[in-house]
Amino acid sequence: MSLYQESREGVVAEPTGEVLVEVDDLKTYYGSEGGLLGGNPVKAVDGVSFDIHRGETLGLVGESGCGKSTLGRTLMQLESATAGEVRYDGTDITTLSGKNLKEWRQNVQMVFQDPDGSLNDRMTVGEIVKEPLNVHNWKTPTDRRQRARELLDIVGLKEDHYYRYPFQFSGGQRQRVGIARALALEPDFLVLDEPVSALDVSVQAKILNLLNDLQEEFGLTYLIIAHDLSVVEHICDRVAVMYLGNIMELGPTDAIFDEPANPYTNSLLSAIPEPDPTLEKSRMTLRGTPPSPRDPPSGCVFSTRCPLKIRPEQYEDLDHDVWEGIEIFRSVLRDRGDLSKSVRQRLRDLLGLETRGMDIEEVLEEAFGELDVPSDVQQHIDSAVEHVRRDDLQSAREELEAEFGSVCEQEVPENLPVGDSGRTSHCHRHRDEHEGTLDYIESHGYER
Amino acid sequence: MSQSEYADDQRADQQALLEVDNLQTAFFTDKETIRAVDGVSFDIDRGESVGIVGESGSGKSVTARSIMGLVETPGRIVGGSIRYKGENLVGKSDEQWRQYRGGEIAMVFQDPLSSLNPVYTIGNQIKESLRLHQGMRGREATQEAITLLEDVGIPDAPRRLKEYPHQFSGGMRQRAVIAVALACDPDLLICDEPTTALDVTIQAQILELLENLKTEHNLGIMFITHDMGVIAEISDRVNVMYAGEMVESAPVEELFANPKHPYTEGLLESIPSRNERGTDLATIEGEVPTPNEPATYCRFAPRCPKAFDDCEQVHPVQVDVDDQTQDHQAACLLYPEDVPQNEAVKLHQSRDEQAGSEVSE
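Sequence order for the protein chains is A and B.
Heads up: the first sequence begins at 1 in the working numbering, then just goes up one per residue.
Heads up: the second sequence begins at 1 in the working numbering, then just goes up one per residue.
Think of the hints as simulated: they come from the structure by calculation, not from any bench.
A quick note: this is a predicted structure, and the numbers were derived from the prediction, not measured.
Incorrect hints may have been included.
[What the hints assert, rightly or not] Partial list, computed: chain A residues near chain B (C-beta under 10 Å):
hint	residue
1	Thr91
2	Thr94
3	Asn212
4	Ser230
5	Thr253
6	His320
[As the list claims (entries may be wrong)] Beta-carbon label-pair distances, calculated as ranges:
hint	chain 1	residue 1	chain 2	residue 2	range
7	B	Thr296	A	Glu216	42 to 48 Å
8	B	Asn292	A	Ser97	53 to 59 Å
9	A	Ser80	B	Lys162	37 to 43 Å
[What the hints assert, rightly or not] Here are a few chain B residues that sit away from chain A, every Cβ distance over 10 Å (derived from the structure):
hint	residue
10	Glu48
11	Gly80
12	Pro118
13	Arg277
Cβ coordinates follow ideal geometry from the N, Cα and C atoms, glycine included.
Use the sequences and the hints to build the structure in full.
Pasting the structure below:
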């Protein structure tokens, strides 16, 4: 019998407010073993804290590489945490091992993205669903077979599918097998890593409905990891938005989708193509791609791409395009000094073989082009260019940082409460001394 | 309503860039013959983007590959015509088809990493296209490659040219693939799920890029996707495919506002963002069938909420949905909407027989 069995009693379908999983300043780094040529560790999850309530569905969204899957896997103890705590029903599971860990694992299960990769093609569907029961030595073999048949029925497959092999099924049916397997041990908590992203829209809808029904029937708690925001919008009670290992915004689904507060959430939502051709959106298009998690930006992790970045006071009224040019120029300088370079490149750097100042004119042309740059701005750019010509990228970056940098790059923002729905957002703009995100978006004519 | 009424609308004034007419591509296996594309017709003009949507297995990609002449055995084109600038491509030898591939019609695939060669630099691959299709070499080619990379929005192009595909991020790689395709200076660009593997933010950038390229280069774009949101964004005209057949075709606004075919309706209803939060999603029961026999009935009938007896007997053909609406066709026995049901069925029956006899000739 499970340590946690008693908590199954009084099954509830609605979020109760009772905390099931508590995550506290969790960090998962890869490659922190280091070594001479190892470089910095990849900070996949870099200090996140949140709670998951019993019976609720929490969505975790973000671009690829933002650490959402790593976070899910860390909650399952499939990756070991570098620092921080994950408390499940009051027990810190990051310290569990051996027998205790195995016992705890009955309570949490995972459904994977790719039904092809997560089902063994040489086992029949019945054997696949029975596998967790075998592993945990559940009752007698006859009971296990009976249970597997029941499970197939629960997820909407037929009992005679028991003897078939995964390749005989369509993608949607295979995902159902994955779900049946996850339910075998009657877990309380399911982590679903992109459960529908490999499926067609019409099949996707069926699986999402199934997940909803199962939650109601068994009082399950879900953590759904997805990059498709419309799926998350539809099925989740609360949503956490991740960027580069940090949770940028966390709150009730309605609040996040109707009135996103964090600049990153705004740009992410603005990027969703609306299935309505008559709509003309003026998008907040993000420049480039997320920076490397080996070398995240100082201050706010989103500061290098943020369209709502706080400007120094004297540049508050600077022309938008010129400011954009400065940002482009700075990001090129940052890219070139990137720490995530190959070993060979780093050696060349150390030996001084790499010259990086040669094509600075083209970079300038790209950033500023025909723009009419005010002289006070030009002066700082010229002096940065001088540094680059002397192959001193560090000084060039510092020069620009000192002049155009702001609180966004200097301080890590706190998770500040927004509104009264219990929402928090990771942004300096929610502090009283700055113009709020919503006001800024409105006054600058962005739409979401 | 005679057909000639619609024949002389503006689309027919000038010859379309690509005219696909009753295209049939089948795969012959020991067990069965799979009619992956079964009588598909559509046109693409210069500067127009035509979207093709459908679930997996509906024959979207095979249609694209047929146009590129890339159908591999055991598959082959068994009927219909593909006219590119008036020239019929069906029946051309491999040698002849090569004249069109790249230089005239270029294709962008779903997975950018597998369409780039990992052991050559990006610059090398773009310059290869330039050399093969435009005869450019040396400094001239390098200069052109830099311009192309800048065209597709890759910053710091001269430096990027010397990098390998693995040093690019997913979105950058797809941009590079588009640059390689543009290096051939094509008139028609076929995009097969080009943004499916990308994040929404990157997808938005790529869609914007394609939109710009369409106007700048006056490209015809054929865009294949299963994402209705993307279709709404990028295409001027939409064709909906189901089990190898084209079930509905209309301008994008019209299709989203007034979907006519029950399948299109179902497809639109199952989009999560069109459903109210927290409610059950609308679904289409059943699965896409494999088209392994000639269509003598409506292939959607077993899943169709509006099916009636005749749907099992009569094969629907593409007809105008009603007398007023031009340029909107559906292959469903419920249409034309403004004629009595049994007359509509007869119309489909006679047109289908007509089409059948044409092919057998």
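Evaluation of the provided hints:
1. Thr91: violated (32 Å)
2. Thr94: Hint violated; Thr94 of chain A Cβ to chain B Cβ min 30 Å, cut 10 Å.
3. Asn212: holds (7 Å)
4. Ser230: Where the cut-off is 10 Å and the nearest Cβ of chain B is about 4 Å from Ser230 of chain A, the hint holds.
5. Thr253: With Cβ-Cβ at 7 Å, under 10 Å, it holds.
6. His320: Hint violated; His320 of chain A Cβ to chain B Cβ min 18 Å, cut 10 Å.
7. B:Thr296 / A:Glu216: 42 to 48 Å: This hint holds: roughly 44 Å between Cβ atoms.
8. B:Asn292 / A:Ser97: 53 to 59 Å: holds (54 Å)
9. A:Ser80 / B:Lys162: 37 to 43 Å: holds (39 Å)
10. Glu48: holds (14 Å)
11. Gly80: About 26 Å separates Gly80 of chain B from the closest Cβ of chain A, which puts it past 10 Å; holds.
12. Pro118: Correct as stated: the minimum Cβ-Cβ distance to chain A is 14 Å, above 10 Å.
13. Arg277: Contrary to the label, Arg277 of chain B does not stay out of reach of chain A, its closest Cβ about 6 Å off (not over 10 Å).
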